[in-house]
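Please build the complex by placing chain B on the supplied structure of chain A, with the hints as guidance.
Residue numbers (numbering that gives the first Met the number 0), protein chains in the order written: chain A, 0 to 267; chain B, 0 to 281.
These are calculated hints, taken from the structure and not from any lab test. Being a predicted model, the structure only gives us computed values, none of them experimental. From the three backbone atoms N, C-alpha and C, an ideal C-beta is built for every residue, glycine too. Hints should not be assumed to be uniformly reliable.
Only some residues are given here: those of chain A computed to face chain B with a beta carbon under 7 Å [stated by the list, open to error]:
| no. | residue |
| --- | --- |
| 1 | Leu71 |
| 2 | Val99 |
| 3 | Phe101 |
| 4 | Thr105 |
| 5 | Asp109 |
| 6 | Leu110 |
| 7 | Thr113 |
| 8 | Tyr118 |
| 9 | Ala121 |
| 10 | Gly124 |
| 11 | Gly126 |
| 12 | Ala135 |
| 13 | Leu138 |
| 14 | Arg152 |
| 15 | Leu154 |
So the derived label-pair ranges between C-beta atoms look like this [unchecked claim]:
| no. | chain 1 | residue 1 | chain 2 | residue 2 | range |
| --- | --- | --- | --- | --- | --- |
| 16 | A | Gly183 | B | Pro197 | 40 to 46 Å |
| 17 | B | Ser64 | A | Asp153 | 30 to 36 Å |
| 18 | B | Leu146 | A | Tyr32 | 51 to 57 Å |
| 19 | B | Ile259 | A | Gln203 | 40 to 46 Å |
| 20 | B | Asp266 | A | Pro34 | 15 to 21 Å |
| 21 | B | Asp266 | A | Leu56 | 52 to 58 Å |
| 22 | A | Ile74 | B | Met18 | 29 to 35 Å |
To list a few chain A residues with every Cβ distance to chain B over 12 Å, as calculated [said to hold, decoys possible]:
| no. | residue |
| --- | --- |
| 23 | Gln46 |
| 24 | Leu108 |
| 25 | Arg140 |
| 26 | Ala144 |
| 27 | Arg146 |
| 28 | Asp191 |
| 29 | Asp215 |
| 30 | Pro219 |
| 31 | Pro236 |
So the chains spell out like this:
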Amino acid sequence: MTSPAPIAEAQETPRPEGAAVPALSIDGVSHAYGPRRALMDVSFNVQPASFTALLGLNGAGKSTLFSLITRLFGIQSGRVGIFGHDVSKSPGEALRLLGVVFQPRTLDLDLSLTQNLLYHAALHGIGRREASARSAELLGRIGLADRAASKVRDLSGGQMRRLEIARALLHRPRLLLLDEPTVGLDVKARADIISHVRQLVTEQGIGVLWATHLFDEIMPGDDLVVLHQGKVLAQGPMSRVVAATGAQDVNTAFMRLTGAQTMPGGGA
Amino acid sequence: MSSIATREAPRGFSFAEYMTCLGGIVWREGLRFLHQRERFVSALVRPLVWLFIFAAGFRQVLGISIIPPYETYILYEVYIAPGLMAMIQLFNGMQSSLSMVYDREMGNMRTLLVSPLPRGFLLFCKLLAGTAVSLLQVYAFLLIAWLWDITPPPQGYLTVLPALILSGLMLGSLGMLISSGIKQLENFAGVMNFVIFPMFFASSALYPLWRVQEGSPYLYYLCEANPFTHAVELIRFALYGQVNWISLAVVAACTIVFMIGAILAYDPSRGLARRGPAGGEG
Numbered sequence: 000m001t002s003p004a005p006i007a008e009a010q011e012t013p014r015p016e017g018a019a020v021p022a023l024s025i026d027g028v029s030h031a032y033g034p035r036r037a038l039m040d041v042s043f044n045v046q047p048a049s050f051t052a053l054l055g056l057n058g059a060g061k062s063t064l065f066s067l068i069t070r071l072f073g074i075q076s077g078r079v080g081i082f083g084h085d086v087s088k089s090p091g092e093a094l095r096l097l098g099v100v101f102q103p104r105t106l107d108l109d110l111s112l113t114q115n116l117l118y119h120a121a122l123h124g125i126g127r128r129e130a131s132a133r134s135a136e137l138l139g140r141i142g143l144a145d146r147a148a149s150k151v152r153d154l155s156g157g158q159m160r161r162l163e164i165a166r167a168l169l170h171r172p173r174l175l176l177l178d179e180p181t182v183g184l185d186v187k188a189r190a191d192i193i194s195h196v197r198q199l200v201t202e203q204g205i206g207v208l209w210a211t212h213l214f215d216e217i218m219p220g221d222d223l224v225v226l227h228q229g230k231v232l233a234q235g236p237m238s239r240v241v242a243a244t245g246a247q248d249v250n251t252a253f254m255r256l257t258g259a260q261t262m263p264g265g266g267a
Numbered sequence: 000m001s002s003i004a005t006r007e008a009p010r011g012f013s014f015a016e017y018m019t020c021l022g023g024i025v026w027r028e029g030l031r032f033l034h035q036r037e038r039f040v041s042a043l044v045r046p047l048v049w050l051f052i053f054a055a056g057f058r059q060v061l062g063i064s065i066i067p068p069y070e071t072y073i074l075y076e077v078y079i080a081p082g083l084m085a086m087i088q089l090f091n092g093m094q095s096s097l098s099m100v101y102d103r104e105m106g107n108m109r110t111l112l113v114s115p116l117p118r119g120f121l122l123f124c125k126l127l128a129g130t131a132v133s134l135l136q137v138y139a140f141l142l143i144a145w146l147w148d149i150t151p152p153p154q155g156y157l158t159v160l161p162a163l164i165l166s167g168l169m170l171g172s173l174g175m176l177i178s179s180g181i182k183q184l185e186n187f188a189g190v191m192n193f194v195i196f197p198m199f200f201a202s203s204a205l206y207p208l209w210r211v212q213e214g215s216p217y218l219y220y221l222c223e224a225n226p227f228t229h230a231v232e233l234i235r236f237a238l239y240g241q242v243n244w245i246s247l248a249v250v251a252a253c254t255i256v257f258m259i260g261a262i263l264a265y266d267p268s269r270g271l272a273r274r275g276p277a278g279g280e281g
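Just chain A, same shape as in the assembly (with noise of 0.2 Å):
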C-alpha cells in the first residue's frame, strides 16, 4: 500500500530551507525626494523560483524601489533583504546574489557583446577564463553566439535586452530584478523575452522581480504586487488579488484598486 506519494511541489523544490528565506524582502520601506514622497511604508516579499510581478503605472516607484535595491540610493527607512542580507548593512552579500535588468539600456554600445559580457563578469571578480566560458555558454542560449564579436550597436532592441538579461545571469544570481523589460520591444521580442525568463523560474529555481505596467504579461500564477502613487494596493496569487476585487481580469482589477478614471463611464 506505499503511495507512490512524492508531490510535484516537494520534487521540485530540493531545497529544504529555500521556503524558509525569501529571495527578496521589502519591509516597510518609504522614500522622498525631498518633499515628494515616491515609496510608502512599501512591503513584500518575492520567493525563490516564482514570478512576481511588479505592477504599477509610470511614476507609481517602480524605478525608485529597484534603485533602492540595488543599493544605487541609499534607504530612508525601512529594510531590504537580499536571501536575508541586508542590502545595506552587507550590501557585497546582497548584490552577489542579484542580477539586474535597468529600465535605461547600460550596454556599452561600441564593445562588442563579448566584451560587455566579459566587463560585467570582471566587476564581479570573476577571472578571465572562467568569464569567457560563461559569456559563450550564455550567447549561445540567447542566440547570438554568432554575433559574439559585432558591435552592440548593431543589436536590435530585442537582441540588446536578451544580451542584458544573459549579463545579468553571468555572475548565476538567484534573484532577478527586471525593470519594465519590454518596453519598445515588437511582439515577438516580447513574448521571446517573457518565456526565456518564465523558463529561467521554473529550470534554475530564479526568483524574479519583473516590474511592469503591461497587463498581459501577468500570468494566473504569477505573484503580483500591485503599486500605486507610492502605496502597495494589493498583494499576493494574481487569481486571488483579482478575486478579491470581484473583477474578471487584472486589467479590471487594477482600475478598481487604483480607481483610476480611464475606465469608459468614468466612475470612482
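Then chain B, alone, in the frame of chain A:
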C-alpha cells in the same frame, strides 16, 4: 536557523577578485578610449599647439635661467613640456569626471555600481582607469616632443611614471569631486573657465615662479598654493630623475583629501533622481 546562516554565510571578497575587478574597469576604460579617436587626437593637439606655436613664439621673449632640476640653459619648449604633461592630465581628469556625469545619465554608472564590491573601491578603480588613459596620452605626447628635440634623460621616461600616476590620481579625484557638484552636462564649460584655466595659468606650468614673484608677489603665493603647481614640479623633477619632496608631499596629501572627498560626495541618486522615479520623464 543555523543552516540558513551557513547556506548564505558571508564570504567576503578575495584579493584576486579585487584585482580582476580593477583589471576589468581599466580594460574597459582603455577600450572606450580607443573607440573615441577624436578624444585622443584632441588630447594630443591641445598640448602640441602650446608646444609648437606658443612656445616657439615665446622663447625669444622669455629667457630661462638655470634652475633645478635643469643643469644647463634650456629652451622654453623644454621648460613647458612638464607643464603640458600635467595639462594633459588635468584635462583628462576633468573629462573623466564629465564621462561620469555622462555615464550616470546613460545608466552605465549603474552597471558599475551594482557590482558587489565596495563602492569606494569601485570609484577608486574608475579613477585609476582614468589615470591609465592619461598615461597613454602623456607618453604619446612625450614621443612627439622627443621628435621636437625635447629629450630628457632616457631613464627619465621611467622615473616620471610614478609621478604621473600620483598626479593623475590627484587631478582625477579633483575632477570627480567637482563632477559630484555638476548638475548638467553643459556646465563643463564652467569647469573649463573656473577650474582648468585658473589652475593652469596660476601655476609653474608656463613660467618659473621666480619670474611670477618679480611681477606680483600675491600671484606668486597663489601659484605656490595651487596643487597643480606641485603636480607640475613633481613631474618636472621626476622627468630628470629627481624628487621634489615638497611637491610630492603636497600632491600626495591633496590626492588623499580629494579622493576621500570625492568618494564621500559621490551620490548616484543625484543624477538618477530626476529621471528614475518618474520612469523616464523630465
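Which hints from the list above does the structure break, by number from lowest to highest? 7, 12, 13, 14, 15, 17, 21, 24
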